[in-house]
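Each chain is listed here by its residues.
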Amino acid sequence: MIKIALAGQPNCGKSTIFTMLSGVNQHIANYPGVTVDKKTAHLSHSGEKIEIVDLPGTYSFSSFSLEERVAKDYLINENPDLIINVIDASNIKRSLYLTFQLLELGKPVVIILNMMDVAKRRGLEIDVQKFSELLKVRVVEAVGSRNIGKKEILSSITEAHKHKATGFEINYEELEPYIARYTEKIKISSEISPRWFAIKALEADEAVLSKAGITKEDMDEEYRRIHSEHQIDIDSFLASVRYQSADYLYHKCVKETSEKRETFTSRADRVILNRWLAFPFLAGVIYLVYQLSIVLGYKLTNYTWPYLAMLKNFIISVLPEPQFTDVPILTDFGIWMTNSALALLNYVPIFLILFALIAIIEDIGYMPRIAFILDRVFKRYGLHGQSTLPLVLGGAFVGGCAVPGVMATKGIADERARLATILTVPYMNCLAKVPFYALLLGAFFEGQMTVMMFFISTVTIFIALSVARLITLTFLKNRETAPFVMELPPYHLPTIKGVVLRAFQRVWVYIKKVGSIVLAVAVVLFMLLQFPGVSADKQAEIRKRTDAAVLKFYITAEATQYHGILKENETVYKLINIYNTYRAQKMTASSSAAAERIDAALQAEYPELAGFIIPENDEQKLINREIRTISRTGQTLLNDMKSEKIRNSFLGMFGRSLEPITQFAGFDWRVNVAFLSSFAARESAVATLGSIYETGKTDQRAEEAISEDGLYTPLHAVAMLIFMILTPPCIATMIVVRIQTGSYGWMMFAIFFPMILGVVMASVFFKIGTAFNLTGLQTMLVFYVSMAVTAVAAGLFKGSSVNWKGGYLK
Amino acid sequence: MPETKILKLSEMKTNEKARIKSYSAKGLLKQKLYNMGFIPGSEILMVRTAPLMDPIEVMVQNYFVTIRRTEAKIIEVELI
Chain L
-11 MIKIALAGQP NCGKSTIFTM LSGVNQHIAN YPGVTVDKKT AHLSHSGEKI EIVDLPGTYS
49 FSSFSLEERV AKDYLINENP DLIINVIDAS NIKRSLYLTF QLLELGKPVV IILNMMDVAK
109 RRGLEIDVQK FSELLKVRVV EAVGSRNIGK KEILSSITEA HKHKATGFEI NYEELEPYIA
169 RYTEKIKISS EISPRWFAIK ALEADEAVLS KAGITKEDMD EEYRRIHSEH QIDIDSFLAS
229 VRYQSADYLY HKCVKETSEK RETFTSRADR VILNRWLAFP FLAGVIYLVY QLSIVLGYKL
289 TNYTWPYLAM LKNFIISVLP EPQFTDVPIL TDFGIWMTNS ALALLNYVPI FLILFALIAI
349 IEDIGYMPRI AFILDRVFKR YGLHGQSTLP LVLGGAFVGG CAVPGVMATK GIADERARLA
409 TILTVPYMNC LAKVPFYALL LGAFFEGQMT VMMFFISTVT IFIALSVARL ITLTFLKNRE
469 TAPFVMELPP YHLPTIKGVV LRAFQRVWVY IKKVGSIVLA VAVVLFMLLQ FPGVSADKQA
529 EIRKRTDAAV LKFYITAEAT QYHGILKENE TVYKLINIYN TYRAQKMTAS SSAAAERIDA
589 ALQAEYPELA GFIIPENDEQ KLINREIRTI SRTGQTLLND MKSEKIRNSF LGMFGRSLEP
649 ITQFAGFDWR VNVAFLSSFA ARESAVATLG SIYETGKTDQ RAEEAISEDG LYTPLHAVAM
709 LIFMILTPPC IATMIVVRIQ TGSYGWMMFA IFFPMILGVV MASVFFKIGT AFNLTGLQTM
769 LVFYVSMAVT AVAAGLFKGS SVNWKGGYLK
Chain R
25 MPETKILKLS EMKTNEKARI KSYSAKGLLK QKLYNMGFIP GSEILMVRTA PLMDPIEVMV
85 QNYFVTIRRT EAKIIEVELI
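Protein sequences appear in the order of chains L and R.
Using the working numbering, read the first sequence as starting at -11 and increasing by one per residue.
Using the working numbering, read the second sequence as starting at 25 and increasing by one per residue.
Calculated directly from the structure, the hints in this document are not laboratory data.
Among the clues, some could well be false.
Straight-line Cα separation of at most 25 angstroms, BS3-like style, residue types lysine-lysine; simulated pairs [said to hold, decoys possible]:
| # | chain 1 | residue 1 | chain 2 | residue 2 |
| --- | --- | --- | --- | --- |
| 1 | R | 37 | L | 248 |
| 2 | L | 465 | R | 50 |
| 3 | L | 81 | R | 29 |
| 4 | R | 41 | R | 29 |
| 5 | L | 630 | L | 532 |
| 6 | L | 248 | R | 41 |
| 7 | L | 398 | L | 532 |
| 8 | R | 97 | L | 465 |
| 9 | L | 204 | R | 97 |
| 10 | L | 81 | R | 41 |
| 11 | L | 465 | L | 26 |
| 12 | L | 138 | L | 150 |
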């Protein structure tokens, strides 16, 4: 097998080359221990098996960033047989800076001149033959975005693999004697050229120095000697020689035929980064991303939901049937798990659109430009220009999703800002919190919904900024930060294949990682809600009411011609189940034709009983009415039992035990349970509250039930809203926090810090509201203004922003 | 020969061209600047400042780089 490392500078089109070579046959994982994507592909060419690893894009192999460290470690430790170096043909000079360093490794190298079309359009005539001769390696021309050059690359790989590397060397002049000395001195058993180690040692690369047993002090001594003898600084000298050599090579091989015209990128940037147009344009892009993914994606779920509902109906149909009010625990469990899984899958359309749009923005090259425009604002809060998109995705308007938001923090170079962003995205408003807001606003703020929603949706950005400032000045104080030096790459059209592939890959990672853990939590929650169960007294009472309902049905049935069929309990229970299923199916039927099909299926499957569901004569109608009644009674009894079960459950006890703390915020145990159970998925807060408040009046909405209950005032609702705004969205987000930070510690922090903050804030403002006798709306306004003032004050407060030498705080 | 003017990169005006003289940066920043092509002797063009005045965008080695003013302060240039 040939093991190949694919290397290149950022924005050279490396990913399109990788996609061209591998097709859909690629795997994404993380490099061990770090959150950098590791893309691998296996393919075979003329009987030879090939493994390609796509290294992160790097400008060099110093230890500036995580990506560089990962790429360097891979080359040193994994020992690839061959290196493919992708070069942006329209920008050869600077690409060579990395190429020289790759050639010094002494491995066979194949160079791909990518984006040849762009180079030609810019009037660059490249003498590929000469280029190949001077560098002593195979050079292939390609246009990755249009699938040009694949065959040539593959044959060059097998050719180059057969021959040894030909030893291209840069002459570092004054430094050569030192390089020669270190080449002798350093004995590291590796297939990598000793010369490379010698040069790296002179660059004071810590990884190499420690391998070679040279101390930093020895090296400093050496630096001083070289400086006094030759008047040169080693690293600036190495860098200049590389750039000079690149310049030399460029002039030998490239002719600029047309006059230097202004590039499209410069012209576009004059508009896009213009002082007055930059913000409207950015706002437009963000609005578009939001509309297309969250709004349109949400609508799209209306079309995908019926399929998920069908799946749910199918799963329910294979579970043991309930015997009226006696529901087998297996059935309960199956429905619970299905609901938890579907709550996640329901968002897949949104994620697909969102990830595709992010991939497009990344490929076009707008991402670093967003950072350029907004860095100044975010810098004040310890964040980074690149924090913009994660925060917007998390829900800068009402309803984002923290999962892609946290995932989008990947590219932020500044470690402290990246962590701060990961930890603040969950404060934004997630889509699944909206039903809860709607429930409370509907119950307590009917006339003031708009203004309340405005408060809720904009207060989050103040909170996020304040929290970011707080944690960067405290918990993250000693985290490594990075100097802000970033390339604004030329604009490129993305390829459809690349975008679609990336969107699907990211969604798949989400489903796999998040799905498994959410289901595990769902199991735990189920157990906590199910046990110890309903008391014997309650069970007996339910039993009595059940028997009474069934008896009433029999009395009606007795008087009809059908009493022969309807005399067994089993038949009646079956009939109720058939009726419930039928109703569920009818609700998801998309057209009248589909509805007719459901009717036909019912008649075919239960010829004897179908008549009671779709009645034809008066007696059947009578029985049908009774079935409806008994089904409704059954539902009431089940709900009654369910709320009793929740009350007695471990989670219920836990909720009750939290009352001493949460009472300051005005929360009773029912609210506590709702919040606790909603942690698996936010939507279930509404469901839980709804089922606890279930009054048995089926036509009464949850809003009415809660407001009529009389226990809560709008002030209570505000406290609940404040708590909901501050608490982390769901377990899925926390898992992604774990993935992106690589630490359970930060995951725990992301769970408990906002919760504590939420309880404290809810209590403080509940108490303020009570003390000054404020209305709900007034309390909300006080909260809003307080947060806004805090955020502005936090921005004015200057902390140390330069911390390049700061080490890790382990 | 006209007198050359030495100033900090952060003080350059839009569309001014200069040559990088030296910089007092150490460690990470120095390494990063070399990698991004800020080599003493190379030409640098001030392209624009961000809408909020910070960071700035410059052209160096034929490509566009954005750098915060705090970092640009460290680089000395010579107008040409």
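- Is the hinted pair residue 398 (chain L) and residue 532 (chain L) satisfied, with a Cα-Cα distance of at most 25 angstroms? Roughly 60 angstroms separates the two Cα atoms, so the pair is violated.
- Query: When you check the alpha-carbon spacing of residue 630 (chain L) and residue 532 (chain L), does it fall within 25 angstroms?
  - Reply: 17 angstroms, holds
- Item | Straight-line alpha-carbon gap residue 41 (chain R) to residue 29 (chain R), limit 25 angstroms | 11 angstroms, holds
- Query: Within 25 angstroms, alpha carbon to alpha carbon, are residue 138 (chain L) and residue 150 (chain L)?
  - Reply: Given that 25 angstroms is the threshold and the Cα spacing comes to 19 angstroms, the pair holds.
- Query: Within 25 angstroms, alpha carbon to alpha carbon, are residue 97 (chain R) and residue 465 (chain L)?
  - Reply: 24 angstroms, holds
- Query: Taken at face value, is the distance from the CA of residue 248 (chain L) to the CA of residue 37 (chain R) at most 25 angstroms?
  - Reply: Holds - the C-alpha atoms of residue 248 (chain L) and residue 37 (chain R) are around 23 angstroms apart, at most 25 angstroms.
- Query: Taking 25 angstroms as the top limit, are the C-alpha atoms of residue 204 (chain L) and residue 97 (chain R) close enough?
  - Reply: Judged against 25 angstroms, a Cα distance of about 28 angstroms means the pair is violated.
- Is the Cα-Cα distance between residue 465 (chain L) and residue 50 (chain R) 25 angstroms or less? 21 angstroms, holds
- Message: Check the hint pairing residue 81 (chain L) with residue 41 (chain R) against an upper bound of 25 angstroms on the C-alpha distance.
- Response: Distance ~20 angstroms between residue 81 (chain L) and residue 41 (chain R) Cα, so the pair holds.
- Message: Does residue 29 (chain R) sit within 25 angstroms of residue 81 (chain L), going by the straight-line distance between their CA atoms?
- Response: Roughly 28 angstroms separates the two Cα atoms, so the pair is violated.
- Message: So if I understand the rule, the pair passes when the alpha-carbon distance is 25 angstroms or less; does residue 248 (chain L) with residue 41 (chain R) pass?
- Response: Between residue 248 (chain L) and residue 41 (chain R) the Cα gap is close to 17 angstroms, so the pair holds against 25 angstroms.
- Message: Tell me if the straight-line CA distance from residue 465 (chain L) to residue 26 (chain L) falls inside 25 angstroms.
- Response: 30 angstroms, violated
Of the hints listed earlier, those the structure fails to meet are numbers 3, 7, 9, 11, in rising order.
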